[in-house]
Amino acid sequence: LLLLLLIRIYTADFKMEVYLKITQLYLEDENHISAEAYLNRAGLLQAEVSKGQLHIIYKVCSAKMADFRRKFSDAARRYIQLSYESAIHPDERMTSLKRAMICTILSSAGQQRSKQLAALFKDERCQHLPAFNILNKMYLERIIRPSELEDFAALLSQHQKATTAD
14 LLLLLLIRIY
24 TADFKMEVYL
34 KITQLYLEDE
44 NHISAEAYLN
54 RAGLLQAEVS
64 KGQLHIIYKV
74 CSAKMADFRR
84 KFSDAARRYI
94 QLSYESAIHP
104 DERMTSLKRA
114 MICTILSSAG
124 QQRSKQLAAL
134 FKDERCQHLP
144 AFNILNKMYL
154 ERIIRPSELE
164 DFAALLSQHQ
174 KATTAD
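Take 14 as the starting number for the sequence shown in this note's numbering and just add one per residue.
There may be inaccurate statements among the hints.
As the list claims (entries may be wrong) - So the derived label-pair ranges between C-beta atoms look like this:
id : residue 1 : residue 2 : range
1  : Ala132    : Glu163    : 20 to 30 Å
2  : Arg158    : Phe27     : 46 to 56 Å
3  : Thr108    : Leu38     : 14 to 24 Å
4  : Phe27     : Ala132    : 30 to 40 Å
Derived by calculation from the structure, the hints in this document are not laboratory data.
Here the structure is a predicted model, which is why all the values come from computation and not from measurement.
Every residue, glycine too, gets a C-beta built ideally from N, C-alpha and C.
Start from the sequences, fold in the hints, and give me the full structure.
Spelled out as structure tokens, the structure:
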């Protein structure tokens with residue numbers, strides 16, 4: 014009973030901050046299953062939170078979570094949105110853009126990926142990033158050489174290299 018009383022006296026901002034910190038730590042440890050539980054808890058508090066920075070951290074964690082869950086199209090969409098967020102440091106925006114490019118390339122073929130490829134191809138910030146060569150060839154429907162594929166594979170995180178049954 015005392016524990017319940019203590020839990021209720023904390024503000025929504027504080028609770029969300031703690032949940033997001035736990036989520037970030039689990040994601041750093043590549044434990045996306047545990048991270049998702051705390052991200053879901055943080056999501057329930059979003060409407061009650063007043064700090065804008067917490068909403069941005071939530072968006073970053075959501076993008077990473079989609080990436081870990083191999084929902085690359087969703088992750089790319091979220092990373093693209095973050096790359097335009099003015100409240101984020103420019104270096105972090107570029108990191109989001111790099112991740113958006115990688116997730117777009119890894120996403121399943123379809124209309125959503127085509128739109129994301131077009132948006133990233135036209136974005137001037139992407140032209141100097143390492144994955145642009147592959148993105149360019151995919152957008153223009155050109156052949157990708159094995160050596161270029163190996164260069165791209167070096168850019169991938171461990172969870173992105175995992176092979177699945179399909």
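Taking the hints in turn, this is what the structure says about them:
1. Remark: the range hint 20 to 30 Å for Ala132 to Glu163 is upheld by a beta-carbon distance near 26 Å.
2. The supplied range of 46 to 56 Å is met by Arg158 and Phe27, whose beta-carbon atoms lie about 52 Å from each other.
3. The beta-carbon spacing between Thr108 and Leu38, approximately 19 Å, falls within the hinted interval of 14 to 24 Å.
4. Restraint check, Phe27 to Ala132: a C-beta distance of roughly 37 Å satisfies the suggested window 30 to 40 Å.
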